[in-house]
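Chains A and B, in that order, are what the protein sequence lines are. Each residue of the first sequence is one higher than the last, beginning at 1 in the numbering used here. Each residue of the second sequence is one higher than the last, beginning at 1 in the numbering used here.
Errors might be hidden in some of the hints.
Stated by the list, open to error - Facing chain B, according to a computed beta carbon distance under 10 Å, are these residues of chain A, among others:
(1) 81
(2) 96
(3) 106
(4) 157
No lab work stands behind these hints, which were simulated from the structure alone. Note that the Cβ used here is the ideal one computed from N, Cα and C, for glycine as well.
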Amino acid sequence: MKQLLDFFITFCKIGGLTFGGGYAMLPLLQKEVVENKGWVKEEELVEYYAISQCIPGPMAVSIAILVGYKQKGIACAIFAALGIIMPSIIIIMLLAALFQEIMDIPLVGHAFAGIRIAVVALVIQSVVVLGKSGVKDIYGLLIMVVAFILATFTDISIIYIIVAAGILGIFIRKRGEDTK
Amino acid sequence: MIYLLLFWEFLKVGVFAIGGGMMTLPFLYDISDRLAWFDRADIVNIVAVSVAAPGPIGINMVTYAGYHVAGIAGGLIAALSLALPAIIITLIVAGFLSKFSENRYVQWVFYGLQPAIVGLVASVCIDLLKISVVPADRFKASGYLGDLINIKALILFAVLYFAISRYKRHPFFYIAAAAIVGMIFGF
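Take the sequences, apply the hints, and build the full model.
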């Protein structure tokens, strides 16, 4: 029980102190999980990062599960995962409640009009970064353009687009390998 | 039953949102189109708070969205439903760990997925631009071309975009700066 709590609290700390999502979590994870607690080795953590990128859902949750599971099995894994999302849940709901109250104040409205512009710039920037690493050749470019067109101009569910892209990926690479 | 519907909707996001927190965004648009739980302007506020606050961005987004729909229970359910598929899938993968990310089928799927993700999030950008930088609705109402151009917004956007790609500061920094500019110049 004490160990489960230890996992929960350690991952709470990591979740509550990381700004900027999964990738920004690495330095803090190294410090807490590798150096302070010695639960996993540096190389293992890097490997967990690679694995968690291939798993649906938040990367941080997958990493917490992998570290917890490695150490003490399923119970530990689940406590670690709950720990890493708990601060977010509390902080976000406090902020949401606060904004509901103050949104009608004109000055806050002006602030949010400015903030919205920053959000667009941040999202576009992340698309550029994603594109540089994720679009590797002409097929990738085609998939990107088609996904963009379908999502922008049709009502097709994005779930279908994602599944189709995954299947296409297998076909393209398999053909590439067969013709080698 | 709103809670059950919340669970189901965000569970689906948890299964299909691969590739980082921003990937949650197209799903929020999808949900707002179908269920009218929140509108486009709400989503922009959700993103703003989510990237500025600590923690995983995807969890932040759905917690806010869930809270917006059904209060504290809604926020909790949304966050847990998003995390649930990741928890289950990771536990399964943890069994045959080291082979997973090197498995060629996994790599092939990602070869196709990554560009699609870029396309999907890029599609969201169009909508975000319409809401905050290029006021398309105002133009539609008035038919006056000048209404399409919001000089103040365009300048702030250009400056911010340049700064973000040039200096890798934390998002909170840019959001705070934009809020101050918004208040001073009455956006």
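**Violations among the numbered hints, reported as their numbers in ascending order** = Result: no hint breaks.
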